[in-house]
Amino acid sequence: MTNVGSTELSGKSLLELDRVDTYYGQIHILQGLSIRIEAGELVCLLGGNASGKSTTLKTILGIVRPRNGVVRVDGEDVTKRPTSYRIGRGLAIVPENRRLFAPMTVLENLEMGAYLRGGGAKEDFERVYELFPLLYERRSQLAGTLSGGEQQMVAMGRALMSRPKLLLMDEPSMGLAPILVEKNFEIIKQVHESGVAMLIVEQNANVSLSIADRGYVLSTGRLVLEGPAAMLRENEELRKAYLGR
Amino acid sequence: MSDSTPHGSHVPAEGPAVGQDEWVARHAEQRFMPGGPLGALEDRIRRVPWWAWLILFLAAASTLPVFEHSGYVRYVAFSTVLYMLLALGLNVVVGWGGLLDLGYVAFYGIGAYAYAMLDSDKFGIHLPTIVSVPLVVAIGAIGGFLLGLPSRRLTGDYLAIVTLFFLQLFQTITTNGDAAFGHNLTGGPNGILNVDPFHLGKHDLVVQHEGIFAVSYFYVALAVFAVVFVALRFVNQSRTGRAWRSQREDPLAAEAMGMPVNWLKLLSFSFGAAVAALTGTLFAAQSASVFPLTFYFVLLIIVYTMVILGGSGSQAGVVAGAVIVSPLLELLRDPGKSRVIFFLALVGGLLLMSRRSRALGIVAIVTLAFGFAVHEILGAIDKSWIAGEHQGGFAGVTDHWVVAPAHMARWIAPTSYIGLIAAVLLVTMVRGRLRLALLVPTVYLTAFVWENVMLAKPEPARYIVLGVILIALMILRPNGLLGERRVEIV
Amino acid sequence: MDTFLQLTVDALTLGSVYALIALGYTLVYGVLKLLNFAHGDVFMVGSFIGFGVLQLLGGTSKPVVPVWLLLVLMVLAAMVGCAVLGVVIERFAYRPLRDAPRIAPLISALGVSFFLANSMQLLFGATPRNYNIFDLANASLYTKGFNVGNVHVALLRIITVVAAFVLMVLLWFLVNRTRTGKAMRATSYDREAAAMMGIDIDKVIVFTFVLGSALAGAGGVLQSLRVPTTVAIGFVVGLKGFTAAVIGGIGSIPGAMAGGLILGFAESFSQGYISTKWSDLIVFSILIAFMIFRPQGLLGRADIRKV
Amino acid sequence: MAILDINGVSLSFGGLKVVDGLDLHVNEGEIVSVIGPNGAGKTTLFNLITGIYRPDEGDITLDDQSIVGLQPHVISQRGVSRTFQTLRLFLNMSVKENVMAAAYGHTRAGVFRSMLRTPGMRREEREIERLAQERLAFFGKRLMGYRWDQPAYSLSYANRRRLEIARATATNPRILLLDEPAAGMNPSETHEITELIGELRTEGGYTILVIEHDMHVVEGISDRVVALDHGVKIAEGSFDAVATNAKVVEAYLGLQTAATK
Amino acid sequence: GSNRIAAVSAAGVNCKSTITLPLVTPVTGGAGFLGAEQGSWSKYAVKTLAKPLGLKVKFVLGDTPVEQGPAPAQALAQKYVADKSVLVVLGPSTSGAVAASSSTYYAAKIAHISPSATRTSLTQGSSKEATPAFFRVVPGDYIQGPSDANFMIKTLKVKKVVLLDFQEPYSTGLSDSVEGVLKKAGVSTTRLSAPNTTTDYSAYVTKVPSDADIVFFPTQKPGDAQTFAQQLVEQGKKAKVFGGDGSNDPSAFKAGGSYVSNFAPDITGIKADAAIVAGWKKENPGKAVGSFGPPSYGATQVALNAIALACKAGHGTTTRQAVLSSIKKVKIKNWILGGDLRWSTKSNDPLNAKFYIFQIQSNGAYKLVG
Ligand SMILES: Nc1ncnc2c1ncn2[C@@H]1O[C@H](COP(=O)(O)OP(=O)(O)OP(=O)(O)O)[C@@H](O)[C@H]1O
Ligand SMILES: Nc1ncnc2c1ncn2[C@@H]1O[C@H](COP(=O)(O)OP(=O)(O)OP(=O)(O)O)[C@@H](O)[C@H]1O
Ligand SMILES: [Mg+2]
Ligand SMILES: [Mg+2]
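Chains as they are written, first to last, in the numbering used here: chain P, 20 to 264; chain E, 2 to 491; chain W, 2 to 308; chain V, -13 to 247; chain D, 7 to 376.
Some hints here could point you the wrong way.
Unchecked claim - Here are the simulated DMTMM-like cross-link-like pairs (lysine to aspartate or glutamate), alpha carbons at most 25 Å apart as the crow flies:
(1) V:Lys233 <-> P:Glu156
(2) D:Lys160 <-> D:Asp217
(3) D:Lys90 <-> E:Asp335
(4) E:Lys123 <-> D:Asp182
(5) P:Lys208 <-> P:Glu156
(6) D:Lys160 <-> D:Asp272
(7) W:Lys278 <-> D:Asp217
(8) D:Lys165 <-> W:Asp3
(9) D:Lys134 <-> E:Asp205
(10) W:Lys278 <-> D:Asp182
(11) V:Lys127 <-> V:Glu181
(12) P:Lys99 <-> W:Asp191
(13) W:Lys145 <-> D:Asp219
(14) W:Lys34 <-> W:Asp100
(15) D:Lys166 <-> D:Glu185
(16) D:Lys90 <-> E:Glu69
(17) D:Lys373 <-> W:Asp136
(18) V:Lys219 <-> V:Glu236
(19) W:Lys145 <-> D:Asp217
Bear in mind the hints are in silico, worked out from the structure with no lab data behind them.
All chains should be modelled from the sequences, with the hints used to inform the complete structure.
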């Protein structure tokens, strides 16, 4: 087990959180959290309910601002920058609950994904349609009328449209049918293999650790464990707390 | 003790453990609490039960006439109680029911008009008060119910527009009701005059002694307020109150949990309307007359201001809102008095804006010096620049401090006023030293504009002040003074 | 028949100005879910800017520039001035309240409305201001134009209606055919998700206020070409614009245009054919009946919120 | 005997048939799980039963009485209660109040009695409070003590799901509809909720209808499993039977999940 | 308690102390021009007249925006009654406000003198709306209505007249009175009614028959009369606008061919007033002499004189009651509105007052025609 908080901050990682404190109003959520992701890495973020996983992603994106600490992307301090700027630096997210633009069509949703690049090139669409053939069939359907699983695909496709360097995913398989959960992990693996770094939040720790390179474990807003995925899977405490049975 | 938790909290020393969610539930302890005796005091104040506050408040209020003999002040106190009642009623609809009702003051009007029709020479009816007032309250309740009927399907902004229409409807009908179907029903724009005071048997509760407000109405209003306050509080603490708040939070879930949402909305409309109508009878009886325009948009906004400012949903809050806003608006009418308030506010504002007291001291002293210097220099250049009319006061100190030109050239007012707005906005944008430096001319300019531009026209000035208060307060405390923090997590 | 035509002309002039105001309401509501109560007062300030420009350029009796240029300058100045005003209001009164409960910016908007109307009164007094366009070029804006049957359609009305429609078409293109327009739509559906797409929310909101306020400024001048303006018109105008926006389905741009016209027609025809006295009442009754029949407004969309 | 009977119920949105001629019977005291791919119409089925949507065709009966066309609150008062897939708590009310509010349907004190605080009203009020405490106590110490007076928004996701269940039981239902009670929970919490649902039947005596995607839960609780696809029932029976049904495996489970069974 | 207050109010006031003289008038809102004008003249009157009468007077304005109806006047009455330094009140300016507050003033024995409230029923008829504490220095609508109507009938020889009212007391009263006389004379009339918030009158103009001679338009917003006249031209209607005293404002209503009636003549044409006009102009540079100002000066003059009379009778102290009973004793020679001020013995109205009718010339000037 690695010593918590001892992470070397090289200043060159793709993404770094350096001792951030995040609050909602007066409630202290993230407490001195430091994490780091290198280019091309697949990292998973684990933690019990309300341990601050979604908040971590929001902090990375700048949807909530930390009171203390620094967020760096490619070594650049972006703590004071708005979300849109960070997206421009190569971040993308598949948010909790998908957050599609319900009254827009699937195609328009995908276009929005590539907003900063002016709506997406042909090859972007082709790549997404290749991963999710169904989206091509449904391209002119309003996103809000899709079922949960289809919406999840749109959300993933939309995030990929921006050609991100780092993809953040918040519980991408929540509420999905088992068959889709399976497929989802396939796609994650595929995308990862194409060179995109990823930070995944998942309740299904078993599966996510099986495809991840490294993992972090949060509890009550603090880092309690971190290390290579294989090592975490063997950790007794974690098994007891999360993997159940 | 872990250093990451703010002072004063009692989180157990043991570190966080995997899989624990205890900590979130104890979120109250995660807040910053002001430590020391101040924090303890705040804590103790929080623990005083509501009825103790009410009794204290009533006791304090009822001794007011003992200390204050001015009929005018007593009259203002009386109308403040009316505002308190109106705010309580609106709180039922907006704060508990969650319905954006922009027709509320129409029910105040309906109450006043109904009382005026039942107790005046208009139709020659003079019902005893114990009959007419309950009757009017019932009329108000039924009116609220009827307005609720078509509105029950509408939500949010659509409801707002329908209810606003209702207010318009009330206006149109009362204004044109002097020739409805050939009968003069409402007295039209002239309203109804010579409305009876409250009376029991042959005993009139006189309205005024030689033109001076009769304090008995203040006590009657206060008593009515106490009863309404307690009754509404009890309703809110019952299953009906819980259901009101549930449907405000999530109508669909409330419906699915067995609460008849439509009925509850109608009920809340009715309650608000009944309280407003009851207040209307007090108003009509005391002022002995009713006119359509009294019950219009500005009044609506004022009552809303009170409710929101105090904290919609909190009874104590909305009452506090009324107690602050009503006298404030009244005081601002009078240039002499508003001047005192202004300079007090200026000093208070300075205190708030800068927490570091040393810096504040410097700013205050520099500003003072700055003023005398400007005054002297301008005076030396041209006497007429400082020869203007002063409103006097503060032992004449301000006379030598604020510049007051004898003749305000036409460009001065707009330039200085717009300059002031720009300066204030700038001050909110910059930080640190620069802010302190900017503060000096800004404060001085504020005083200049107040003395020379605003005091000349108290009426717009007081609504400007009201507007600024509304904006500033919303930014500083979006939930109102005593409102509870609310969240909408998505 | 003549009455009918005349009323139609009236309705179009009234309605096109209502539509301009309604658009401002709808744009801001769409993006911020905020009923911008101060919008009517921005309109009022626009009408005063137009008046100021008119006076600067010599007034109606001896203008120093050709008539068309005079009118264009007045409208442009009001649009620019109001756009700036809108941006300032957004920056200082609404932006700090982005994450507050919904009622807070609403009240702040009321505060801005009070502030604007009364500040204008403080500075310029409550006296109504009449552009007196009648005096311009020997009343030609009133007497020229064309005739339909016995009904005279004055040049002034043609200018008003055409200008309003040109502005609306421009807006429609801007919102539906440009990337910024798309960003506005996305922001209106889900602000946070839009930010996650790299859209600069602040810019979009500022842009929305620029558009809405500029339209209000133009509306202010266009309306005041025909009727006097005062510092107090903000309320009534705002009410009309708000109503029009709601009828059309708040948030919908074509809806606002349609709502404005419907309101114009309802008002004009009820006054013309039924009763001047009860016209307000009749207009509103129609609207209420309409709204109960179609609660999401004419072109509005019912909430697509799944249970 | 069947307490809830769904006979040939259909519903479409626009052109899309979401529920298509569905028959479903639930017996007193049973726990029935509804599974099916996303968009199969499971939540819609709950919405139909609770009166939020009205079926285009078919009939739904509770104790042999049709409840089609009744308002949701009436259906709730007849004994059907539910939780929501997308949590719908009264966020700004306290935990206890959330539960107390749900007692509205089976309590009687009117507004005038409340205003006067009559002894009867106060007795009823005490009764409601006791009920709320009892329902919250069901979750062990997770929703106990100091949490009663905290606002619901301060709860964690899992606790919110628990509170939804507590609130649903406070309407004194006979049938409880749970929509994905384990969503967003980690394996150990999922395990806990599985046991809890079992206890709900044994201790609370409720008949339970559950929608769930987690096969551990489904396996752990169900007397019977019903699988839907495109609004049509594609399989029904014991968990083992359904989980090995070819149609179910193909449309829903996928080979891997099926293999681990 | 309240008995003590009553005692206080009845006690004498030292004439050497500063006396507060309020003018209750719309300072803000649509009729704000009225308050501005009346205020400037009353202020000027106080400034020039108080000292010679040996009085120290503080002039204050009480605002009653017409948009809020008569209620603000009531609140102000409460305020002034409670203020011991108030002996007499100027106003309220509008009739509705007078009716609403007169009884309060009367109960406190405060006289109030309006410079512009013209509603007939305030002082005349069986059910008077105002109390004996009310006085006015201008003639009532019982003179204006018939005088306007008779001018239309006799001088203009009208056949068809359209009358508007604005759903507020002033215009409804005046339109009623004019309509009555016209009808009796067999003139065909059409009545229209516009909410007070109307700004665009197009639809009303449309309803004016093309053969109508006159549109009687008793607005309190003179700019609206101007717009209406212009829109009549736009639609090719031959009717002319006829405004009441409320639209008498040469700076806003200047549509050539229109008529205006007023209770005051154009005082710039009265020789005896030259000094006053010059003095006022010096205090208010760039402002034109309107028609509401001079009566306000007159009312102030009456009030100050009444206080002075009462002070003299009371040997240095006086009471509200005393001032009230002195009002009718005030007689002013060569007063500002021309001729002498004398009070009617039957009511609290001025004697011999009349209404003047002006026609607006194409250059905007007001020419006296009746
Ligand atoms: N907008 C908000 N306002 C106040 N508190 C919030 C807000 N959003 C989240 N919280 C609180 O912050 C804490 C952490 O929430 P977060 O959403 O990051 O948890 P999580 O680890 O993602 O949990 P889950 O597994 O339930 O998604 C929780 O206690 C939650 O109640
Ligand atoms: N109000 C509605 N308007 C239009 N379509 C709807 C509506 N409600 C549901 N649908 C559609 O009906 C279908 C079934 O939805 P439902 O919510 O019942 O699915 P589900 O089986 O609960 O799926 P999941 O497991 O993802 O929750 C979906 O295709 C959905 O888009
Ligand atoms: Mg989360
Ligand atoms: Mg579902």
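Quick rundown of the hints versus the structure:
| no. | hint | result |
| --- | --- | --- |
| 1 | V:Lys233 <-> P:Glu156 | holds, 23 Å |
| 2 | D:Lys160 <-> D:Asp217 | holds, 18 Å |
| 3 | D:Lys90 <-> E:Asp335 | holds, 16 Å |
| 4 | E:Lys123 <-> D:Asp182 | holds, 21 Å |
| 5 | P:Lys208 <-> P:Glu156 | holds, 24 Å |
| 6 | D:Lys160 <-> D:Asp272 | holds, 23 Å |
| 7 | W:Lys278 <-> D:Asp217 | holds, 23 Å |
| 8 | D:Lys165 <-> W:Asp3 | holds, 23 Å |
| 9 | D:Lys134 <-> E:Asp205 | holds, 23 Å |
| 10 | W:Lys278 <-> D:Asp182 | holds, 15 Å |
| 11 | V:Lys127 <-> V:Glu181 | holds, 15 Å |
| 12 | P:Lys99 <-> W:Asp191 | holds, 22 Å |
| 13 | W:Lys145 <-> D:Asp219 | holds, 24 Å |
| 14 | W:Lys34 <-> W:Asp100 | holds, 12 Å |
| 15 | D:Lys166 <-> D:Glu185 | holds, 11 Å |
| 16 | D:Lys90 <-> E:Glu69 | holds, 15 Å |
| 17 | D:Lys373 <-> W:Asp136 | holds, 20 Å |
| 18 | V:Lys219 <-> V:Glu236 | holds, 14 Å |
| 19 | W:Lys145 <-> D:Asp217 | holds, 22 Å |
Figure legend: structure checked against the earlier numbered hints; every hint is met.
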